[in-house]
Amino acid sequence: MVWRRSAVKIYRALLLAYPAEFRHEYAPEMERLFADRLRSEPRLRVWLETLADIAWSAPKEHLHVAWGDLRYGARTLAKAPAFTAVALLAMAFGIGATTAVFSLVNAVLIRSLPYGDAERLVYVWTPNPRFEGTPREMTPFTADYYDWLRMSRSFSELALFHQEMLNVPGAQAAVRLGGARVTGNFFQTLRVSSAMGRTIDAEDDQPGHEHVAVISDRLWHSRFGGDPGVLGKMLSLNRESYQVVGVMPAAFVYPHDGDFPYGISGLRATDVWIPLAETEKQKLDRAQNPEDGVAIGRLRPGVTLREAQSEMSAIEARLDPLYPPLFRGWQAYVQPFVESAVGNVRRLLWLLFGAVSLVLLISCSNVANLLAARAAGRTYEMGVRTALGAERVRLVRQMLTEALLLAAGGGALGVLLALGGIRVLVRLNPGEIPRMDETSLDIRVLLFSAGITFVTGLLFGLLPALAASRVDVTALLKQGTRSITGPSKRLRSGLIVTEVALAVILLAGAGLLVRSYLNVLSVDTGFSASTLTMELRLDANYRTPGQRAALFRNLIGRIRTLPGVQSAGLVSAAPLSHHESITFVEVKGYPNRKDQTTDARSAGGGYFEAMDIHLLAGRFFTDDDATRKPPVVVVSRSFADLYFRGREAVGGQIRTGGRADAPWYTITGVVADVRHWSTEQAPKPTFYRPFFAEVDGHATLAIRSTLPPDRVTASVRGAVRSVDPTLALEQIRTMEQRVMESNNRRRFQTLVLAVFAAAAVFLALVGLYGLMAFAVKQRTAEVGLRLALGASRGQVLTMVLRQGLGLVAAGLALGLAAALPLTRVVAAWLYGVKAEDPLTFAAVPVMLLAVGLAACAIPAWKATRIDPVTALRYE
Amino acid sequence: MHDSTDSRPLTTQEFHILVALAERDQHGYDIMQDVAARTGGKLRLSPGTLYGSVKRMLERGLLVELEGRHRPDPQDDDERRRYYRLTPLGRKVAKAEVARLSEMVEQARVYGLAPKRG
Numbered sequence: 001m002v003w004r005r006s007a008v009k010i011y012r013a014l015l016l017a018y019p020a021e022f023r024h025e026y027a028p029e030m031e032r033l034f035a036d037r038l039r040s041e042p043r044l045r046v047w048l049e050t051l052a053d054i055a056w057s058a059p060k061e062h063l064h065v066a067w068g069d070l071r072y073g074a075r076t077l078a079k080a081p082a083f084t085a086v087a088l089l090a091m092a093f094g095i096g097a098t099t100a101v102f103s104l105v106n107a108v109l110i111r112s113l114p115y116g117d118a119e120r121l122v123y124v125w126t127p128n129p130r131f132e133g134t135p136r137e138m139t140p141f142t143a144d145y146y147d148w149l150r151m152s153r154s155f156s157e158l159a160l161f162h163q164e165m166l167n168v169p170g171a172q173a174a175v176r177l178g179g180a181r182v183t184g185n186f187f188q189t190l191r192v193s194s195a196m197g198r199t200i201d202a203e204d205d206q207p208g209h210e211h212v213a214v215i216s217d218r219l220w221h222s223r224f225g226g227d228p229g230v231l232g233k234m235l236s237l238n239r240e241s242y243q244v245v246g247v248m249p250a251a252f253v254y255p256h257d258g259d260f261p262y263g264i265s266g267l268r269a270t271d272v273w274i275p276l277a278e279t280e281k282q283k284l285d286r287a288q289n290p291e292d293g294v295a296i297g298r299l300r301p302g303v304t305l306r307e308a309q310s311e312m313s314a315i316e317a318r319l320d321p322l323y324p325p326l327f328r329g330w331q332a333y334v335q336p337f338v339e340s341a342v343g344n345v346r347r348l349l350w351l352l353f354g355a356v357s358l359v360l361l362i363s364c365s366n367v368a369n370l371l372a373a374r375a376a377g378r379t380y381e382m383g384v385r386t387a388l389g390a391e392r393v394r395l396v397r398q399m400l401t402e403a404l405l406l407a408a409g410g411g412a413l414g415v416l417l418a419l420g421g422i423r424v425l426v427r428l429n430p431g432e433i434p435r436m437d438e439t440s441l442d443i444r445v446l447l448f449s450a451g452i453t454f455v456t457g458l459l460f461g462l463l464p465a466l467a468a469s470r471v472d473v474t475a476l477l478k479q480g481t482r483s484i485t486g487p488s489k490r491l492r493s494g495l496i497v498t499e500v501a502l503a504v505i506l507l508a509g510a511g512l513l514v515r516s517y518l519n520v521l522s523v524d525t526g527f528s529a530s531t532l533t534m535e536l537r538l539d540a541n542y543r544t545p546g547q548r549a550a551l552f553r554n555l556i557g558r559i560r561t562l563p564g565v566q567s568a569g570l571v572s573a574a575p576l577s578h579h580e581s582i583t584f585v586e587v588k589g590y591p592n593r594k595d596q597t598t599d600a601r602s603a604g605g606g607y608f609e610a611m612d613i614h615l616l617a618g619r620f621f622t623d624d625d626a627t628r629k630p631p632v633v634v635v636s637r638s639f640a641d642l643y644f645r646g647r648e649a650v651g652g653q654i655r656t657g658g659r660a661d662a663p664w665y666t667i668t669g670v671v672a673d674v675r676h677w678s679t680e681q682a683p684k685p686t687f688y689r690p691f692f693a694e695v696d697g698h699a700t701l702a703i704r705s706t707l708p709p710d711r712v713t714a715s716v717r718g719a720v721r722s723v724d725p726t727l728a729l730e731q732i733r734t735m736e737q738r739v740m741e742s743n744n745r746r747r748f749q750t751l752v753l754a755v756f757a758a759a760a761v762f763l764a765l766v767g768l769y770g771l772m773a774f775a776v777k778q779r780t781a782e783v784g785l786r787l788a789l790g791a792s793r794g795q796v797l798t799m800v801l802r803q804g805l806g807l808v809a810a811g812l813a814l815g816l817a818a819a820l821p822l823t824r825v826v827a828a829w830l831y832g833v834k835a836e837d838p839l840t841f842a843a844v845p846v847m848l849l850a851v852g853l854a855a856c857a858i859p860a861w862k863a864t865r866i867d868p869v870t871a872l873r874y875e
Numbered sequence: 876m877h878d879s880t881d882s883r884p885l886t887t888q889e890f891h892i893l894v895a896l897a898e899r900d901q902h903g904y905d906i907m908q909d910v911a912a913r914t915g916g917k918l919r920l921s922p923g924t925l926y927g928s929v930k931r932m933l934e935r936g937l938l939v940e941l942e943g944r945h946r947p948d949p950q951d952d953d954e955r956r957r958y959y960r961l962t963p964l965g966r967k968v969a970k971a972e973v974a975r976l977s978e979m980v981e982q983a984r985v986y987g988l989a990p991k992r993g
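As they're listed, the protein sequences go chains A and B.
Under the numbering used here, the first residue of the first sequence is numbered 1, with each subsequent residue one higher.
Under the numbering used here, the first residue of the second sequence is numbered 876, with each subsequent residue one higher.
Worth flagging that the hints you see were computed from the coordinates, not collected in a lab.
A few of these clues could be false.
Claimed, not checked - Calculated lysine-lysine pairs in the BS3-like style (CA-CA distance at most 30 Å, straight line):
hint, chain 1, residue 1, chain 2, residue 2
1, B, Lys-917, B, Lys-970
2, B, Lys-917, B, Lys-991
3, B, Lys-930, A, Lys-60
4, A, Lys-60, A, Lys-489
5, B, Lys-991, B, Lys-967
6, B, Lys-930, B, Lys-970
7, A, Lys-60, B, Lys-967
8, B, Lys-930, A, Lys-9
9, B, Lys-930, B, Lys-991
10, A, Lys-79, B, Lys-930
11, A, Lys-60, B, Lys-970
12, A, Lys-834, A, Lys-777
13, A, Lys-79, A, Lys-60
14, A, Lys-777, A, Lys-79
15, A, Lys-60, B, Lys-917
16, A, Lys-79, A, Lys-862
17, A, Lys-79, A, Lys-489
18, A, Lys-60, A, Lys-9
19, B, Lys-917, B, Lys-930
Okay, chain B solo, but in the shape it has when bound:
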């Protein structure tokens, strides 16, 4: 049921997960901490929400779960945990979302709703 043509917009949580995974492969707890740190603790992903989002992003082909040789170096690898990586599609979708958001900010700036660029 991988449906990559699914054009459903990303939820806030999904966007943050994509951003967290853009830098490096991570497991669930890392993703949660990453998101919490970037949002100043405002968005704290709880297990149900986090893995529900991950499940659907896997189904849409935005993420993959790492197996075998793709997993991190043995000294960093907590082998009980599952690691996730952004797919090229996931990266594309994240970029498109960023572009959409910046365009919106740009439009808002024209009408004086956002500070002018320094």
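Only chain A is shown next, with the shape it has when bound in the complex:
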């Protein structure tokens, strides 16, 4: 009957669920049985029982096959312990390194931030293209923020905060903590709640109500010993009393360094949040003494980033005319919070991930190579099994199981290795990669490792398995010997060529980065590395410029008399401290452009001497220069070169602010250029005003001494205590340390990439050695014959070396061709070298050929030691 025939056809299709071997053996019988039952029993019952039967017995048959293969695989692997150990180690290394880097990517880029729905959070900055060289991330003025609140529709919440270091009296000296003055909706915007008590609300954010504080979990423990009755206790901040109303969970330390650029640098955590409580006058001030802060908002549901950006641009364009003409030109820049927090490290991490993936590929192709070599040795076994009727699918499946078994072992070892690798990575933390300390193995990382283990096992087991199972049985049986090399020889050579090519890419990239790093290290910073610097911030007790100047004068005078101190001076901000000040400048006798800006600093007497900044013309400041009429300035060499080309800078006149009534300053000296912004950024034209001409509450001390830094620090601390015991020194470090910090990121990326490149070269070397050793062994008879026929040992040596170096050359050609376009990926990280740097691209082939020669030398030497008589008997 027709229906029965189609039922059997359906059943035949369902039988595909069984392993091939089983199916080929029993499918006709099973179909017959099924047809018989259909004839004698109710159709529905037969179908239901049959479907249940397939669902139950098909997986069972697969399990039986897999279990058999596993036991067989484990037995064969155990019989070759050296092979197994090498393959396991190669796999473990590749998977371990990849897992470690992925866990870093996971911690920094993937794992969610400790704020609710961080994807909807944005910063609103106010860039001003008129001020050359200023970043886009300029903090908006408070007045703008309050107008945005009224005018914008894009945000469900928009908060403003102001970062501030706060003095807290400690047992011996005052401690300085990271603090933030926040608007009443700050915590609501971030969607975080307190662990205890409450957060700051709109009512606190009023002048007169602002003496409440929310503290961090860390401060709660360090300051209050984790006292559960902390709520309601008083805390003195900058000599004012605040009542603790809440404690935040341990994970919440926002804002900290890395959350946004140009925040307080090196700040690991914020410990205190207090209300901003702006007065009505401050909320409107755009001209007198406008305040600014960081604006963070939460996009209203359904509002896109683009919509928010265009709305804010329009609003800012309407607000801009409210500023005095000289300070106009403000725009709005809406930046996703996540991009700001991880944007600048994202590319670096993906670079590292790409590099480690290449290492994984190389170590896996080594394993594939080992498997192929073994498969070649097993050609005879495979041939015999094929002749006995084993199907190709069966052989492939068997070998694949073996490869997956190896991969699983390697993966497990790799995860253990990754645990160590993560520790090393975290220790290398350049300090400004956010959340890097939190790198750990979590379930996502483990799933990732399991995934790459499976995929690499599958990929690199399949290649040799397919090659090895393609056995020409007739040829094998005709020849009747075991010396057949198998069809996998081309695959193996191909794998080595690929490995060398991948190693070339990594080596070229690492070479360029190492060259860049050396270039950065040899940069002339313009200052002495041994100078000790430290910052001092005065509190609200020093209200008038006169009070502040008196304190600093008193202090610097005491420091100069300390033992070992050769020179000491004050500056508004040390080089590489991330504090930069830019001002409009007008130069007499120069065709001044509109909006002409320059870097500016205030430096006191002794500063240039303490920093060993060379005097090129004129004279340095003295502390009396502050009161000199007409006022004087010192300019940098690049300032003199730009504005006084072909004329004498000393005696020249400049003025700031661009107002017609601004006073003219006379240049008294020209000093060498200093790298202020970073070690890698070319110095900008800079002028220095006398420090005591206008003293604000913050200054940096620069001290040159014959004594070690910690002894100087201790005596300076004593001097500070003697003038005011409530003041605390911060950011105490030598200029060498600041240079190190400035180079941290580059050192980290160079080191990691160089390690990966070294690993890649090593793995390629091991692979090449393995292949050559095996090839020589395989060709023992041939070499013996050649030697018997009169070939010289030298000819044999050349033959083997030519074969090995031929593979290296092919890999080199391929790798160099790929590396040239690929090094553009690292172009953004290069310093003083081009992506197609000839030196690097010449050194890489030389290095790899040397390594290749080393890898081939031992097998080649062994080939010359072959005894023709033994070799021919071997056949």
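With the hints as your guide, set chain B onto chain A.
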């Protein structure tokens, strides 16, 4: 991979197949019907289970597949089908299983869990 020292206990299905083959050589459909008839239709061997069991019993050497002159008389032989026969080992294993089962029943009888022998 014939492993006759495999001491894995028999599954219910395998035991029933051994019993079915104790009387005479049979092919798959016969075995299925035999088992169904003896168990009053309670155990109905579906193709996957039946041949999965047969495969492993062949591997353990409990059964052999009949070839050439061993096959049934031409008038009874459905030549498209495969016939199976119990090996001496298979018979031994079946007997041992029966002995084990009866011993269990005997023990249960002592404790009154099974009817006393008439």
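Consistency of the hints with the structure:
| no. | hint | result |
| --- | --- | --- |
| 1 | B:Lys-917 <-> B:Lys-970 | 23 Å, holds |
| 2 | B:Lys-917 <-> B:Lys-991 | 26 Å, holds |
| 3 | B:Lys-930 <-> A:Lys-60 | 12 Å, holds |
| 4 | A:Lys-60 <-> A:Lys-489 | 37 Å, violated |
| 5 | B:Lys-991 <-> B:Lys-967 | 28 Å, holds |
| 6 | B:Lys-930 <-> B:Lys-970 | 21 Å, holds |
| 7 | A:Lys-60 <-> B:Lys-967 | 27 Å, holds |
| 8 | B:Lys-930 <-> A:Lys-9 | 24 Å, holds |
| 9 | B:Lys-930 <-> B:Lys-991 | 39 Å, violated |
| 10 | A:Lys-79 <-> B:Lys-930 | 29 Å, holds |
| 11 | A:Lys-60 <-> B:Lys-970 | 27 Å, holds |
| 12 | A:Lys-834 <-> A:Lys-777 | 45 Å, violated |
| 13 | A:Lys-79 <-> A:Lys-60 | 28 Å, holds |
| 14 | A:Lys-777 <-> A:Lys-79 | 20 Å, holds |
| 15 | A:Lys-60 <-> B:Lys-917 | 22 Å, holds |
| 16 | A:Lys-79 <-> A:Lys-862 | 25 Å, holds |
| 17 | A:Lys-79 <-> A:Lys-489 | 23 Å, holds |
| 18 | A:Lys-60 <-> A:Lys-9 | 23 Å, holds |
| 19 | B:Lys-917 <-> B:Lys-930 | 23 Å, holds |
The structure fails to meet hints 4, 9, 12 from the earlier list, while all remaining hints are met.
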